[in-house]
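Chains A and B supply the protein sequences, listed in that same order. Sequential numbering from 1 applies to the first sequence in this note's numbering. Sequential numbering from 398 applies to the second sequence in this note's numbering.
Keep in mind the hints are simulated off the structure, nothing from the lab. Some clues are possibly wrong.
The calculated lysine-lysine pairs, modelled on DSBU-like cross-linking and capped at a C-alpha distance of 30 Å, are [to be verified]:
1) B:404 <-> A:373
2) B:624 <-> B:523
3) B:684 <-> B:480
4) B:662 <-> B:624
5) B:624 <-> A:373
6) B:447 <-> B:682
7) B:482 <-> B:626
8) B:684 <-> A:373
9) B:676 <-> A:373
10) B:684 <-> B:662
11) B:447 <-> B:404
12) B:676 <-> B:447
So the derived list for chain B, only partly shown, Cβ under 8 Å to chain A, looks like this [stated by the list, open to error]:
13) 462
14) 524
15) 575
16) 653
17) 654
18) 656
Quick caveat: nothing in here was measured; it's all calculated off a predicted structure. We put the beta carbon where it would ideally sit given N, CA and C, even for glycine.
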Amino acid sequence: MVIYLDNNATTRIDPAVVEAMLPYLTELYGNPSSMHSFGGQVGASVQDAREKVAALLGAEDTEIIFNSCGSEGNNTAIHAALAAQPEKRHIVTTAVEHPAILNVCKHLEKKGYTVTYLSVDGRGQLDLMELEAALTGGTALVTTMYANNETGVIFPVEEIGAIAHEYGATFHVDAVQAVGKVAIDLSTSNIDLLTLSGHKLHAPKGIGALYVRRGFRFRPFLLGGHQERGRRAGTQNVPGIVALGKAAELAQRDLRNAPKEAWLRDCLERELLANIPDCEVNGGGSPRLPNTTNIGFKYIEGEAILYMLNREGICASSGSACTSGSLDPSHVLTAMGLPYTILHGSIRFSLSRFTTESDVQHVLAVMPGIVEKLRAMSPFNNDQAEWLQERDVAVAT
Amino acid sequence: MWDYSEKVLDLFYNPLNQGAIENPDQPDVAVFYGEVGSIACGDALRLHLKVQVSADEILDARFQTFGCTSAIASSSALTEIIKGKTLDEALNISNQDIADFLGGLPEAKMHCSVMGQEALEAAIYKYRGIEVEHHEDDEGSLVCQCYGITEPKIRRVIIENDLADVEQVTNYIKAGGGCGSCLAGIEDILIEVQQERDAVPGRVAAEIAIAQIDETAAPRHLTTVQKIKLIQQVLDTEIRPILIADGGDVELFDVAGDRVQVTLKGACGGCASSTATLKNSIEAKLKDLVLPSLTVEEVPAL
């Protein structure tokens, strides 16, 4: 039995989504661009999916461009925003973005752009004064996430957008973690461009979408055929698009029926904190996604916790250095200025509509024992030990 | 997921020898510990040893580790390996021995085995009253600012583990794994070590000379001139490159019978572990490669 609490990494494809997409992997293989009714019926399904995705976002169907993934959406959005105002060479983003934003920005810095990385406080929140101070008439783009993938902390995107527009900058939002989890209405929004990814909301991997506000001077990133009204070349991933449409429909239904995720998350969080000493919720003081909790267990290391959880059939993730593939702990938690005792022992549980009460019960049953076992092995047991912070220059950057 | 061996997972889920050691206050028994790492680095190990003083033998070893799966397994493996060994034998254990005991470690996790080896060294040096921490780190320039790693330490891990590229160095001792600004510096050190290796045909010559002597005379009998020549050769090819890598050096002063007199130079001269260097590496090497009856003593530099 697998208890899957890693839904911010990826989600299970909803069975209804699989059912909806299957015909397009078998009989309905026509090309939606074809001038025959065999392809044409597929084209109609693509249009249907587009309307469903638009409905979830409060957008118009013509504002949705299907693409391959969140990274593509982010690359495209940044490219489009810079192309729309080519004379401006400044970008504002935040220190806690996903690599699909940060690494594009670093690349652009080498190409002569200036990038401001806004800091966050201990709750993972931005200082809007800092944003305002960073903006100039030369700022082409403000790009921030809607909600953080590691902590679930939600940024005040409408306020950010309003400030960005005051200075004539385009506002892009990486909403990969937010779409389907919180209600979004782009019809009354300051957001110009918004990225979403299918596999975060129970559609398969390999499908995503970019919202482009009507009237925005869009320039395509991928050049070629005239698909997606000339805004994204490449034969459409029809099964993926149909799946994303179905997933959007289900997400909208779930948003209406107050989801049990938030209740289960709160229960998990409250009980873990009550039963395990020396732990705290990262970003706990901020508005957060209803499905995410990120808890720092002091004096022990995240990868070790994950392997212990794995043996219990529980899937979670960690911001510790040992799990990142690099040697540094999570850039998000580091940017929040959290102490090392928290950084390396942080575990993220992210729930979904498939999470059950018994899943949460199981975690609550095993977690105290796991923490106790690892703490019994650890040489640390309080924050006073000199040993704790030595070489603190090390990771302070 | 990491590709951990069965042994790593077994020692992680069922660790042997975790915890501290109570001091029994018995005569002839010493209890002490050594520590490396810090919570900032993401891993730390406190290794506890219980030693029979007269026999210099490890009676018990336990660990307290803050770290990942392989850090805990490496610590546990280390305690299993060193129990029953003398301290000198224990000092000869390399990080590779720990990795081998575990049935191998993923390349990116080799630094866990290095941490074990360093904690062992720290514990024994502390017990012997030799400067405790990072004896080789005190000298030499800092290369990796992020993890506080010096050039001698990087050289040492390259030589001991026969490393060929920067990524391996990062995997073994983390150097270069932070901001990455020292990667070019590590590359330079790799190239230098490689060049030094290539430039030691003398080493081969010495091995041949030793081999020839072995063949012609057993038990070995050397004339004084042969003896001095051979000692000089072993010093030049086997010992000095390692000391130089650590910022030190040694010079042959005189040979009187079986008493080899040397002068320690550079970092070795003022190094608190010079006695250990003298006995553990120089004398052992000379006994091994020249004559078992040799003893080494230090004479002050003129």
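Quick rundown of the hints versus the structure:
no. : hint            : result
1   : B:404 <-> A:373 : holds (19 Å)
2   : B:624 <-> B:523 : violated (36 Å)
3   : B:684 <-> B:480 : holds (27 Å)
4   : B:662 <-> B:624 : holds (23 Å)
5   : B:624 <-> A:373 : violated (59 Å)
6   : B:447 <-> B:682 : holds (29 Å)
7   : B:482 <-> B:626 : violated (35 Å)
8   : B:684 <-> A:373 : violated (48 Å)
9   : B:676 <-> A:373 : violated (42 Å)
10  : B:684 <-> B:662 : holds (21 Å)
11  : B:447 <-> B:404 : holds (25 Å)
12  : B:676 <-> B:447 : holds (23 Å)
13  : 462             : holds (6 Å)
14  : 524             : violated (18 Å)
15  : 575             : holds (6 Å)
16  : 653             : violated (47 Å)
17  : 654             : violated (49 Å)
18  : 656             : violated (43 Å)
Consistency with the previously given hints fails for numbers 2, 5, 7, 8, 9, 14, 16, 17 and 18, ordered from lowest to highest.
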